[in-house]
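Letter by letter, the first sequence follows residues 138 to 705 of the numbering used here.
Hints are computed from structural coordinates only; laboratory data are not their basis. Being a predicted model, the structure only gives us computed values, none of them experimental. Where a beta carbon is used, it is the ideal one built from N, C-alpha and C, also for glycine. Warning: the hint list may mix true and false statements.
List of simulated lysine-lysine pairs, BS3-like, C-alpha gap at most 30 Å [what the hints assert, rightly or not]:
1. 700 <-> 676
2. 142 <-> 637
3. 142 <-> 240
4. 356 <-> 378
5. 235 <-> 637
6. 461 <-> 378
7. 484 <-> 419
8. 466 <-> 441
9. 185 <-> 214
10. 142 <-> 266
11. 228 <-> 248
12. 676 <-> 704
13. 700 <-> 547
14. 578 <-> 266
15. 528 <-> 266
16. 248 <-> 314
17. 242 <-> 700
18. 637 <-> 242
19. 378 <-> 506
20. 240 <-> 466
21. 228 <-> 214
22. 378 <-> 323
23. 603 <-> 228
24. 409 <-> 461
25. 185 <-> 147
Have a look at the derived ranges for each label pair, beta carbon to beta carbon [claimed, not checked]:
26. 239 <-> 366: 31 to 39 Å
27. 584 <-> 542: 20 to 28 Å
28. 440 <-> 410: 13 to 21 Å
29. 382 <-> 431: 42 to 50 Å
30. 336 <-> 168: 53 to 61 Å
31. 332 <-> 460: 37 to 45 Å
32. 618 <-> 542: 34 to 42 Å
33. 578 <-> 642: 23 to 31 Å
34. 549 <-> 366: 13 to 21 Å
35. 703 <-> 642: 28 to 36 Å
36. 386 <-> 567: 53 to 61 Å
37. 214 <-> 576: 47 to 55 Å
38. 703 <-> 610: 18 to 26 Å
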Amino acid sequence: MQEFKEEIIKALESLVQLGQEEIQQNLSIPPDAGLGDYAFPCFILSKKWKRPPQEISQYLAQEISKKGLGEWIKEVKSAGPYLNFYCNREKLTRETLKEIYEKGKDYGKVKEGGGENVVIDFSAPNIAKPFGIGHLRSTVIGNSLYRLYEALGYNCVGINHLGDWGTQFGKLISAYKRWGDEDSLKEDPIQYLYQLYVSFHQEASGDENLEEEGRHWFKRLEEGEEEAVELWHKFRELSLKEFRRIYRRLDIEFDEEQGESFYNQMLSSTLKRLEEEEIVRKSEGALIVDLEPYGLPPALLRKKDGATLYATRDLCAALYRYEKYKFQKLIYVVGAAQSLHFQQLFKILELMGLPWASRCVHVPFGLIKFKEGKMSTRMGNLIFLEDVIDKAVALARDIIEEKNPDLENKDEVAEMVGIGSVIFGDLSNDRVKDIDFDWDKVLDFSGETSPYIQYAHARICSILRKEGAQASREADLSLLEREEEQRLISLLARFSEHIKRAAETYKPSTLARYLLDLTSDFNYFYHRCPVLTAEEGLKEARLILIDGVRQVLVNGLYLLGIKAPSKM
RNA sequence: GCGCCUGUAGCUCAGCGGAUAGAGCAACGGACUUCUAAUCCGUGGGUCGGAGGUUCGAUCCCUCCCAGGCGUGCCA
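Whole structure, please, built from the sequences with the hints as guidance.
Shown next, in the form of structure tokens:
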């Protein structure tokens, strides 16, 4: 498809006196397949040429036809003000299916990154708190971006910037010292710590002494007092153990698990550097960066009591990461609530004269909302991610039992389907929008869901299984001339365009939508075009076609972090 | 108050400045002795929040207004 596009650009370039970029930008995909594969709207020329666009499009169609069409352009037609280009379908069919077959898992990848580093900061749950549904978004968006940028040829570094430092640990230690016991902790660590945290806040409301005790314990922790550090360390390890179990289920891995606490060692030297460069100044006892000239509120880097803030640690983290990775891009997958924080952070890096400041990008997302009101750890009304996953998997398991009781690896498939559904539910919508959490929606496997895509994939696998080893790669692909077949070819050929777009806009949702389109068009084909009972020749061609669809579905789902069972 | 984000069918949402604004749920009516009915086909459903502006052309860009969310110096 790319070659086709380039040929169009070349053909137009000499005739319309526009740059390649400009032509490319104006090329659009017609609303209806009957109108060709790409269209060039002639309005832009009508002013310059002082002629109606209809006339221009007729003229261009004539001129291009006269000069010869090349190997990709099959036909050029004027349709009102539009100049419609028809692709050589036979060639497109042949080359697309050949490429998918040859590249397999690598089909759709783009050589663009040249092995440069892209660092992605995502997930970042808080230690000693349950992994809530709220953390799902950063986790799955970040993981998908990781895979997308890998597909563009970058070397990705995934960092889980754990929330493992802060006053909350003082509170937790305080609560544990008061009411905690070792046995309950061992039994179900996170649940137990969570309960302690909640009861601390219940007790603390109206008890200033308790708040003070919490702050005091954090101070002892910062000073490295043995008992405090030991407890902190224990809580951290127990939490990590649980997080790792969830990440395993989600099939997500990190290259680094350096949390906020890791940067404690760099705080003072970083602040010193900022003081020397005269970027910070004292204000009301605190150390701030004045960002007023840039229309931003000041950034606080050190409180008047001497303690640092998360902005300070984030600053250290950015410096450390550039030092270590010399990244081409540093992507923060963090909620939209922190947009201002990142604007300030990036501005400070810029003020420090670091040229790579412009390579840092915040990828924000909306929050998950609940009918019952705001979710908060303190109030104890969290929805745990693992509960959501468990329910989705259990439902998948029930449906399998009902529809396909003979399936051999039911639990494994239920896991893939249930978890896929949870991930897809999050990724399929534009990340900037808030999501209303709704159990009914999470537990619905029909329509625009990942089970819909996985089901189509399983059907294809089923057909291919029946044909077995006899499936031949030799077939006359020009027999695939029906609309149902050609629609699929067009979509398959555009796979890598969608990968690029999803990565560049940091929006996995666009790829998710593409997969839904592809699946929908596959079902359209499936219900109208028999494969196994088709006449000889056509059958072979269709087998190759659906094998191509299968491969793209697998590759696409992989980029979203979702697995595709071959039976379900 | 100020800043950022969002507003499209009853509900949840798609819609690279271009041709008649589309899906899914929900409702109703159809298709399983046939390659898996977690599917498919059909029907109804819209002042694209409102008002201006830019443009040959605006759901998309600009301004103002309305509604909701988030943020706004010592949490993260």
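We went through each hint and held it up to the structure:
1. As the CA atoms of residue 700 and residue 676 are separated by approximately 28 Å, the hinted pair is consistent with the 30 Å bound.
2. Between residue 142 and residue 637 the CA atoms are separated by roughly 16 Å; this keeps the pair inside 30 Å, and the hint holds.
3. For the proposed pair residue 142 and residue 240, the alpha carbon gap of about 22 Å is at most 30 Å, so the pair holds.
4. For the hint linking residue 356 to residue 378, the alpha-carbon distance of about 26 Å falls within 30 Å, and the restraint holds.
5. Simply put, residue 235 and residue 637 have alpha-carbon atoms about 21 Å apart, close enough for the 30 Å limit, and the pair holds.
6. With a C-alpha separation of about 27 Å, the suggested pairing of residue 461 with residue 378 holds against the 30 Å cut-off.
7. Restraint check for residue 484 and residue 419: the C-alpha separation of about 19 Å stays at or below 30 Å, so the hint holds.
8. With a C-alpha separation of about 34 Å, the suggested pair residue 466 and residue 441 falls outside the 30 Å cut-off, and the hint is violated.
9. Proximity of residue 185 to residue 214 is assessed by CA-CA distance (about 22 Å); at most 30 Å being required, the pair is judged to hold.
10. Between residue 142 and residue 266 the CA atoms are separated by roughly 52 Å; this puts the pair beyond 30 Å, and the hint is violated.
11. Between residue 228 and residue 248 the CA atoms are separated by roughly 23 Å; this keeps the pair inside 30 Å, and the hint holds.
12. Distance restraint check for residue 676 and residue 704: the Cα-Cα separation of roughly 22 Å lies within the 30 Å cut-off, and the hinted pair is therefore satisfied.
13. Our distance criterion of 30 Å between C-alpha atoms is met by residue 700 and residue 547, whose separation comes to about 15 Å.
14. For the hint pairing residue 578 with residue 266, the CA-to-CA distance comes to about 26 Å; that is within 30 Å, so the pair holds.
15. This hinted pair checks out: residue 528 and residue 266 have alpha carbons roughly 21 Å apart, not beyond 30 Å.
16. Between the alpha carbons of residue 248 and residue 314 the distance comes to roughly 56 Å, so the proposed pair goes past 30 Å and is violated.
17. Annotation: proposed proximity of residue 242 to residue 700 holds, straight-line Cα distance about 13 Å (limit 30 Å).
18. Distance hint between residue 637 and residue 242 is fulfilled; the C-alpha atoms sit about 16 Å from each other, no more than 30 Å.
19. Restraint check for residue 378 and residue 506: the C-alpha separation of about 28 Å stays at or below 30 Å, so the hint holds.
20. Restraint check: the Cα-Cα separation between residue 240 and residue 466 comes to about 27 Å, which is no more than 30 Å; the hinted pair holds.
21. This hinted pair checks out: residue 228 and residue 214 have alpha carbons roughly 19 Å apart, not beyond 30 Å.
22. For the proposed pair residue 378 and residue 323, the alpha carbon gap of about 12 Å is at most 30 Å, so the pair holds.
23. Distance check on the hinted pair: residue 603 and residue 228 sit about 29 Å apart at the alpha-carbon level, within 30 Å; holds.
24. Under the criterion of a C-alpha separation no larger than 30 Å, the hint pairing residue 409 with residue 461 is consistent with the structure, at around 21 Å.
25. Between the alpha carbons of residue 185 and residue 147 the distance comes to roughly 20 Å, so the proposed pair stays at or under 30 Å and holds.
26. The beta-carbon spacing between residue 239 and residue 366, approximately 56 Å, falls outside the hinted interval of 31 to 39 Å.
27. The hint said 20 to 28 Å for the Cβ distance between residue 584 and residue 542, and at roughly 24 Å that hint holds.
28. In this structure the supplied range 13 to 21 Å holds for residue 440 paired with residue 410, their Cβ-Cβ distance being about 19 Å.
29. At roughly 44 Å, the beta-carbon separation of residue 382 and residue 431 lies within the given 42 to 50 Å, and the hint holds.
30. Checking the proposed 53 to 61 Å range against residue 336 and residue 168 shows it holds: the Cβ atoms sit about 60 Å from each other.
31. For the pair residue 332 and residue 460, the supplied restraint of 37 to 45 Å holds, since their beta-carbon distance comes to about 41 Å.
32. A C-beta distance of roughly 40 Å is found between residue 618 and residue 542, which places it inside the suggested range of 34 to 42 Å.
33. Distance hint check: the CB atoms of residue 578 and residue 642 are about 25 Å apart, consistent with the given range 23 to 31 Å.
34. A hinted range of 13 to 21 Å for the beta carbons of residue 549 and residue 366 is inconsistent with their spacing of about 42 Å.
35. Taking the beta carbon of each, residue 703 and residue 642 are about 32 Å apart, inside 28 to 36 Å as hinted.
36. Remark: the range hint 53 to 61 Å for residue 386 to residue 567 is contradicted by a beta-carbon distance near 26 Å.
37. Between residue 214 and residue 576, the C-beta spacing of about 52 Å keeps the proposed range 47 to 55 Å intact.
38. In this structure the supplied range 18 to 26 Å holds for residue 703 paired with residue 610, their Cβ-Cβ distance being about 20 Å.
Consistency with the previously given hints fails for numbers 8, 10, 16, 26, 34 and 36, ordered from lowest to highest.
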